[in-house]
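So the sequence lines, in the order shown, correspond to chains A and B. Heads up: take any position in the first sequence, counting from 1, add 1, and you land on my numbering. Heads up: take any position in the second sequence, counting from 1, add 1, and you land on my numbering.
In short, the hints are calculated from the structure, not lab data. All figures in this text were calculated on a predicted structure; none of them were measured in a lab. Please note: incorrect hints may appear among the correct ones.
Pairs count within a copy or across copies, as identical chains cannot be separated in the list.
Heads up, simulated DSBU-like pairs for lysine-lysine below, C-alpha to C-alpha not over 35 Å straight-line [what the hints assert, rightly or not]:
no. : residue 1 : residue 2
1   : K30       : K239
2   : K201      : K226
3   : K201      : K239
4   : K201      : K11
5   : K18       : K226
6   : K184      : K18
7   : K11       : K226
8   : K262      : K30
9   : K201      : K184
10  : K11       : K239
11  : K263      : K184
12  : K184      : K226
13  : K239      : K18
There are 2 protein chains.
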Amino acid sequence: MGRYELEYPKEATNLVKRHGERATYALEKIHSLINSSQLLHVSFNPPNSPFPVILPMIGQMGSFDRPSASLGDPLDLYIHGYVSSRMFNVGRTASSGESAEGMPVCVATSHVDGLVLALSAFNHSYNYRSAVLFGHATLVESHDEKMYAMELITDGVVPDRWRNSRQPPTGAEVQSTSILRIKIASGSAKFRDGGVIDDKHDLENEDALSSVWTGVVPVYSTMGKPIPGPYNRVELPKYASEFFDEFTTENREQALSAANKKD
Amino acid sequence: MGRYELEYPKEATNLVKRHGERATYALEKIHSLINSSQLLHVSFNPPNSPFPVILPMIGQMGSFDRPSASLGDPLDLYIHGYVSSRMFNVGRTASSGESAEGMPVCVATSHVDGLVLALSAFNHSYNYRSAVLFGHATLVESHDEKMYAMELITDGVVPDRWRNSRQPPTGAEVQSTSILRIKIASGSAKFRDGGVIDDKHDLENEDALSSVWTGVVPVYSTMGKPIPGPYNRVELPKYASEFFDEFTTENREQALSAANKKD
């Protein structure tokens with residue numbers, strides 16, 4: 002409240018060049034988008050390959066040193082993965098080898114909020130929210146930081162799920178789980194909301210106006226009725242049911258408010 | 002019918018190492034996933050940057066030389082973008098410079114079909130479908146191929162939308178639109194479906210069984226009621242309304258069939 006909003010500095014790496022007016026560099030916006038994403042796409046360059054690789058992974062922003070930090074503060078991105086995966090092998094080499102900084106990665110997420118259907122195919126668009134982060138990834142070695150990150154990531158899937166699942170973790174579970182910490186170097190986000198926009202010559206084209214449907218179709222991710230598993234004995238708890246309902250409601254409201262936004 | 006199913010050869014680049022039993026290399030499966038994705042994440046290495054970059058873009062698989070090719074045939078990926086964007090600048094250099102092969106890219110898409118909530122946090126999972134393609138991107142120069150790709154990509158957003166929008170495109174529209182063609186080098190997809198799976202020791206843990214809800218929560222993308230724009234004069238046409246309904250129905254059925262899949 003009243004505090005300035007921290008931003009990632011605009012540099013060559015994170016600068017949004019096309020439709021710069023749709024960009025934001027505010028930490029809070031970017032971190033919120035990352036944390037509300039069920040999957041993140043993580044890109045890195047494996048050794049001896051001409052191609053960058055993208056893997057879908059689960060992650061959450063957090064601060065082990067200051068767990069009470071807010072979304073608008075400088076945070077690390079914790080990513081869940083497996084020791085045997087390509088990415089972590091690269092990460093291991095990077096953290097033990099010549100590059101103490103870690104493996105350079107790019108992390109991206111995108112939500113489609115609606116189809117924007119214009120008279121001209123070339124004025125079609127999406128309402129969307131996308132974010133990208135750049136940083137250096139290293140394996141988390143400390144037991145306490147690993148536990149912190151595993152709770153953070155589990156609660157990112159369903160809030161409060163960690164302490165409501167079987168506790169404590171077994172030694173084998175902790176042992177076999179790898180967590181990457183990404184130190185953020187920069188980031189940006191890009192948004193589009195609002196209705197259709199056509200060119201003047203199309204708005205005067207009676208043929209087009211009388212034949213082409215124009216408008217916005219809201220798109221949002223929904224959670225269906227939870228399906229209890231074969232050995233479930235428990236009523237669906239409130240922390241879970243409330244979250245499932247909120248998930249759908251918030252996504253729908255986001256899509257509708259984007260569609261109805263007036264410039 | 003009866004024909005063998007083409008697969009991308011397994012190589013170091015596209016091999017799925019973790020949970021290899023969930024992988025598929027079938028062109029038809031991979032291409033279908035790409036074509037049903039509203040957004041793709043495209044990763045490439047810009048010059049003079051330590052980080053790979055991911056951009057969200059729109060694209061569709063197709064064959065300009067043989068437009069009747071099916072999804073299981075070898076196809077190119079056509080991506081829509083802007084001349085001024087970083088990616089296309091890199092692509093331009095690549096296609097005019099020393100690397101005639103084009104710019105190496107990785108393209109990824111992921112759909113979450115459900116949350117899989119187990120007794121142990123470590124056995125939590127998603128039902129999901131993800132695909133990745135590797136290839137070389139060059140700018141499409143031929144006018145006819147550009148028109149082919151623009152129709153393909155527009156119809157990927159809403160089938161039949163191209164011929165139902167204002168036609169023909171103006172010279173300026175075609176001029177200002179850039180299309181990348183990605184020649185595919187390899188690819189793979191990864192799926193998870195089915196219910197919760199816990200370890201034996203947890204299935205004998207009365208405490209956990211009597212306190213932790215377990216099951217699957219279906220997740221699917223939905224289209225809401227279309228919102229006509231301020232200058233719309235047309236009833237929502239059938240090609241559009243049918244697609245919007247199908248989109249939600251198919252996604253919901255996919256999520257439910259994944260959740261209810263028995264091993």
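Status of the hints after comparison with the structure:
Taking the shortest Cα distances, K30 and K239 sit within 35 Å of each other inside one copy (28 Å), while across copies they are farther apart (38 Å). Taking the shortest Cα distances, K201 and K226 sit within 35 Å of each other only across copies (27 Å), while inside one copy they are farther apart (46 Å). Taking CA atoms no more than 35 Å apart as the test, K201 paired with K239 passes between copies only; the shortest distance there is 27 Å, against 52 Å inside one copy. Only within a single protomer do K201 and K11 lie at most 35 Å apart by alpha-carbon distance; the minimum there is 34 Å, versus 52 Å between protomers.
With identical chains, the CA atoms of K18 and K226 are at most 35 Å apart between copies only, with a shortest distance of 33 Å across copies and 42 Å within one. Taking CA atoms no more than 35 Å apart as the test, K184 paired with K18 passes in both settings, with 24 Å inside one copy and 26 Å between copies. Proximity of K11 to K226 under the C-alpha cut-off of 35 Å is found in neither arrangement, the shortest distances being 43 Å within a copy and 38 Å between copies. Proximity of K262 to K30 under the C-alpha cut-off of 35 Å is restricted to the intra-copy arrangement: shortest distance 18 Å within a copy versus 38 Å between copies.
For the identical chains of this complex, K201 and K184 are neighbours neither inside a copy (47 Å) nor across copies (38 Å), given an alpha-carbon limit of 35 Å. In the homo-oligomer, the alpha carbons of K11 and K239 never lie at most 35 Å apart, since the shortest distance is 43 Å inside one protomer and 46 Å across protomers. With identical chains, the CA atoms of K263 and K184 are never at most 35 Å apart, being 38 Å at best within one copy and 41 Å at best between copies. Proximity of K184 to K226 under the C-alpha cut-off of 35 Å is found in neither arrangement, the shortest distances being 38 Å within a copy and 42 Å between copies.
Taking the shortest Cα distances, K239 and K18 never come within 35 Å of each other, neither inside one copy (45 Å) nor across copies (38 Å).
Of the numbered hints stated above, those contradicted by the structure are hints 7, 9, 10, 11, 12 and 13, listed in ascending order.
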